[in-house]
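Number of protein chains: 2
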Amino acid sequence: MIKNLERIKDNSLHSLVVGANEAASWIQDGMTLGLSGFTRAGDAKAVPFALVERAKKEDFKVNIFTGASLGSDIDKLLSEAGIINKRLPFQADATMRKNINAGKHLFVDQHLSHTAEMIRSGALPEIDFAIVEAISITSDGMIIPTTSVGNSLTFVSQAKNIIVEINLGHSELLEGLHDLYEPADQGEREPIPVTKVDDRIGTMGIPFDSAKIRGIVFTEHIDSPSTIVSPDFETEEIAQHLITFLREEVKAGRFTNKLAPIQSGIGSVANAVLHGMIDSEFEDLQVYSEVLQDSVFDLIDAGKVNFASACSITLSGKKMEQVYGNFEKYRDQLILRPQEITNHPEIIRRLGLIAINTALEFDIYGNVNSTHVSGTKMMNGIGGSGDFARNSRVAIFVTKSIAKGGNISSIVPFVAHVDHTEHDVDVVVTEQGYVDLRGLAPRERAELIIENCAHPHYKEQLSHYYEEALTRGGQTPHVLEKAFSFHTNLAEHGTMLEKLV
Amino acid sequence: MIKNLERIKDNSLHSLVVGANEAASWIQDGMTLGLSGFTRAGDAKAVPFALVERAKKEDFKVNIFTGASLGSDIDKLLSEAGIINKRLPFQADATMRKNINAGKHLFVDQHLSHTAEMIRSGALPEIDFAIVEAISITSDGMIIPTTSVGNSLTFVSQAKNIIVEINLGHSELLEGLHDLYEPADQGEREPIPVTKVDDRIGTMGIPFDSAKIRGIVFTEHIDSPSTIVSPDFETEEIAQHLITFLREEVKAGRFTNKLAPIQSGIGSVANAVLHGMIDSEFEDLQVYSEVLQDSVFDLIDAGKVNFASACSITLSGKKMEQVYGNFEKYRDQLILRPQEITNHPEIIRRLGLIAINTALEFDIYGNVNSTHVSGTKMMNGIGGSGDFARNSRVAIFVTKSIAKGGNISSIVPFVAHVDHTEHDVDVVVTEQGYVDLRGLAPRERAELIIENCAHPHYKEQLSHYYEEALTRGGQTPHVLEKAFSFHTNLAEHGTMLEKLV
Ligand SMILES: CC(C)(COP(=O)(O)OP(=O)(O)OC[C@H]1O[C@@H](n2cnc3c(N)ncnc32)[C@H](O)[C@@H]1OP(=O)(O)O)[C@@H](O)C(=O)NCCC(=O)NCCS
Ligand SMILES: CC(C)(COP(=O)(O)OP(=O)(O)OC[C@H]1O[C@@H](n2cnc3c(N)ncnc32)[C@H](O)[C@@H]1OP(=O)(O)O)[C@@H](O)C(=O)NCCC(=O)NCCS
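In order, the protein sequence lines correspond to chains D and E. Note that the first sequence ends on residue 484 in our numbering; no numbers are left out. Note that the second sequence ends on residue 484 in our numbering; no numbers are left out.
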């Protein structure tokens, strides 16, 4: 077994070093595990792998709570092994998704700022084991996380037992990057003192009760690279429309060229859109986000972004090499915080963020579906999109106007699942154009959304629906028996298009 | 004209006293008015009445922004007069509702904590005239509001012109009740320092720029009484189930008998449910709410509630007499704040409220419709229900399981409009029973909601839907072509029931 005891600066803990298999053997049927990990970054790896091995010879089931999605195929392996009872609050794995949608195990989709609060208040099962990846353990009793913080602070403070995975694959240069702050119980709590993107308010590591440390495992398995694809014609168009919108905001005197701190969601589209700002006139930008994808580092390199706060760093393989190979260059421009703080309504509203997230589909009234393909099949989860959209100063949703070669219109009469209601959506953007929905009534929204955002192939079909709906009246006119006709068409005929164009 | 110049303690303003007709004559076509008023309390009355008179002889249209709904039939009269272009953020008038649903004027439904923020940041049209009801104007330049605060602070700070309506019908004893605090711009803002329900953080009145005061009008028209109806068998049952839920929370160690500060929504159901706590074991309660209805004062009288913070006091005629006739008794147990503060996510989350709001309907997965009858016709608006549900510690929605003599089931396969998503709804209660949804996956939710909350007449129909949906699979199984079958049945046959029982 690879190990490096210098990473455990409190010598009294050296005796707790064990192999991953031994640590995995402590987990019992029915337990709840709190794993570090957020969008493929900083996930506990060795013990989950060992648990999957154990499952080959033994029947047991556990609840898996994390920060967000895991990498290294851990969600896939856990799901295939059949040892998951309940998974929360987010995942993004194709196999796990399939098993969730087949009803093979339960998945609870939560706002990412809510999980820690629910654990502390006892509204979720108690955490039996926190299993968290670390760079090191300090001599003064702190676990230094790696490339994400996620819910690890709360898992460690609330769990009955703690297993630390020290990952030698991460550079010790990451030390000093993190800022750990956990609010007191509700009702006993002071304001969270972040008032600027770069405020440090906590400790550089996760404090722990050493009596709860059951074991320390070594690994050197590095994070999985992200799987985002490069900008394409449509995402570049989306970026241009977004820039036009922001430029108009500056013209109207609502922002300066420094804009406001930016949050940008996960996935290829959001990454590409943010990347598009490289050639814009905006400057001295700050990022207060959840995940830092490649584009944030491109913007730092281009001198456009001067500070970025988030809860994980999730990069492509190439970008990982560049960033971690030159980490001294970036260190002073970064903070990693718990997801409860990056996504906290208090701070998002105080800072007045510009939030850019990706929709699967939105409807003619501006309701957004971020999670359920055709209303029933879970994609990934709502993630932080609700935390940000509800509380930001400008909540922007982007998506391509069509998917699957045009068989799907991402603008529909009625979204088949609502994650963000019309009250929470300020601006919608597709490669066709954008609509600023602020202060618009539903009937005003519908006309503009169809006109500016829908794909030309679907405009007429959407207009027909809306015109028929108008004959029925109402604040939000609908023809309920046809509200999901786009989706049922797709299920029956493989396309949402009513007639071939 | 009735007047009492002693209520204007700054003598230099005496010359600005005018009649309501004159003040109304300043309003021009296309203007935006910011009126005081929140759930029938503290609304500007004289100038709106005069405006309605003027409309008999003249064509013009204005935008009407308020705190929330108005009393004294003002919304009805304005709507009938045909002088409204756009109304926001809430209304609760039968005539206005009809006109909105007929498309006669526009209505923008907003989270009540959002409007002030959007006005300050320039995302809504500028306020030409703030017209706010007051008890008095102090010698040091403050307008003392009456029975509500609403958005008046922001209207006054942002408007180009201000008209004050001094209402002699309100007792001067209300002075000292209010606590006015306006956050700085987003990005420049300190934490809002409320950490306890009874914290005072601002001034006792609304500071104003005297150069913007165009006129001062006197009136003695008192607030309209509320129209809530008394508890009935069903609401008493709902109250009992709610108490059972809270009792279980105490048993589980998640709360003490003091619970947490309570928010309770508008309407008859929420009032009756809160009233039901009079005979419970809970004590030393605090209220951090939006509107104080009769039941809060019943609870204060019974020694159950020791402090209540809100943004308006909306009472029945009888209760008004009792409360305002003995106001010295209640004064020290009350604070009235701007709706931006009563409904602010920062504070709701910090205090960890128990939020009780009324649904029109909820679905088998826990999504809630608070606003749109059959998905299209506006009832009142989302009000503060979203602010509270999203950010409270426990978000409870109550409703009777059936409406309209049983022709409507308030539990449906898919709500025809989503105001609160499954992510924001913790507990649902009907007179049949309750479900604690926290930590449950959609498939777990559906079974329990049908079993515990649906009316016996609709259980089988709902179960059939759910069973068919299960054959299609998914995280949130649905039969999209039948998802709104309850609603389309109602439209076609006058009942949601498939076969008569
Ligand atoms: C919505 C989300 C899935 C988009 O991801 P993305 O990588 O940017 O977007 P893509 O356009 O590549 O779409 C992903 C897939 O969804 C499909 N898709 C897109 N729109 C669709 C629609 N309306 N209906 C069905 N499928 C659709 C795409 O075809 C693609 O399918 P594929 O994987 O088989 O190629 C992703 O952003 C997400 O999970 N969001 C929710 C969580 C969130 O917003 N977090 C933000 C805070 S970090
Ligand atoms: C939902 C709401 C309308 C309920 O009001 P209420 O007075 O407690 O409830 P009631 O049971 O008397 O219902 C009001 C009406 O809706 C009807 N109704 C109830 N459920 C219905 C349903 N599922 N479909 C159609 N109509 C329904 C009732 O029959 C009643 O009709 P009537 O006025 O013709 O008699 C009200 O609470 C509201 O507007 N909520 C949204 C705003 C909010 O929650 N604010 C909270 C923060 S203050």
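Because the hints were derived from the structure by calculation, they are not lab data. No experiment lies behind these values; they were computed from the predicted model shown. Any given hint might turn out to be false.
Since the list can't tell identical chains apart, any single copy or any two copies may satisfy a pair.
[Claimed, not checked] BS3-like mimics (lysine-lysine), calculated; alpha carbons at most 27 Å apart, straight line:
(1) Lys87 - Lys360
(2) Lys(-14) - Lys465
(3) Lys81 - Lys39
(4) Lys287 - Lys44
(5) Lys442 - Lys(-14)
(6) Lys465 - Lys87
(7) Lys87 - Lys482
(8) Lys(-8) - Lys40
(9) Lys195 - Lys387
(10) Lys241 - Lys302
(11) Lys241 - Lys360
(12) Lys465 - Lys241
(13) Lys234 - Lys482
(14) Lys465 - Lys302
(15) Lys360 - Lys465
(16) Lys143 - Lys234
(17) Lys59 - Lys301
(18) Lys143 - Lys69
(19) Lys465 - Lys387
(20) Lys69 - Lys234
(21) Lys179 - Lys301
(22) Lys442 - Lys87
(23) Lys81 - Lys44
(24) Lys179 - Lys387
Original post:
Under a CA distance limit of 27 Å, which applies to Lys179 and Lys387: within one copy, between copies, both, or neither?
Top reply: neither (42 Å within a copy, 52 Å between copies)
Original post:
Is the C-alpha distance from Lys287 to Lys44 at most 27 Å within one copy, between copies, in both cases, or in neither?
Top reply: Neither, since 48 Å and 46 Å both go past 27 Å.
Original post:
What label fits Lys241 with Lys360 when the C-alpha limit is 27 Å: within, between, both, or neither?
Top reply: Result: close neither inside a copy nor across copies, 40 Å intra and 42 Å inter.
**OP:** State whether the alpha carbon distance between Lys87 and Lys360 is at most 27 Å within one copy, between copies, both, or neither.
**Re:** For Lys87 and Lys360, the Cα distance is within 27 Å only inside one copy (13 Å; across copies 39 Å).
Original post:
27 Å Cα cut-off: does Lys(-8) pair with Lys40 within a copy, between copies, both or neither?
Top reply: neither (36 Å within a copy, 85 Å between copies)
Original post:
Which holds for Lys81 with Lys44 at a C-alpha limit of 27 Å: within a copy, between copies, both or neither?
Top reply: Within one copy only: 18 Å inside, 55 Å across.
**OP:** Can you give me the call for Lys465 and Lys241, within, between, both or neither, at a CA distance of at most 27 Å?
**Re:** neither (45 Å within a copy, 49 Å between copies)
Subject >> Status of Lys39 relative to Lys81 across identical chains (alpha carbons, at most 27 Å) >> reply: within (21 Å within a copy, 64 Å between copies)
**OP:** Classify it for me, Lys442 with Lys(-14): is the Cα-Cα distance of at most 27 Å met within a copy, between copies, both or neither?
**Re:** Cα proximity of Lys442 and Lys(-14): none, with 61 Å in one copy and 60 Å across.
Original post:
Within a copy, between copies, both or neither: where do Lys465 and Lys387 come within 27 Å Cα-Cα?
Top reply: both (22 Å within a copy, 25 Å between copies)
Original post:
Are the CA atoms of Lys442 and Lys87 at most 27 Å apart within a copy, between copies, both, or neither?
Top reply: This pair counts as between: shortest inter-copy Cα distance 26 Å, intra-copy 39 Å.
Original post:
Can you tell me if Lys234 and Lys482 fall within 27 Å by alpha carbon in one copy, between copies, both or neither?
Top reply: neither (42 Å within a copy, 61 Å between copies)
Hint compliance for this structure: hints 2, 4, 5, 7, 8, 9, 11, 12, 13, 14, 21, 24 are not met, and every other hint is.
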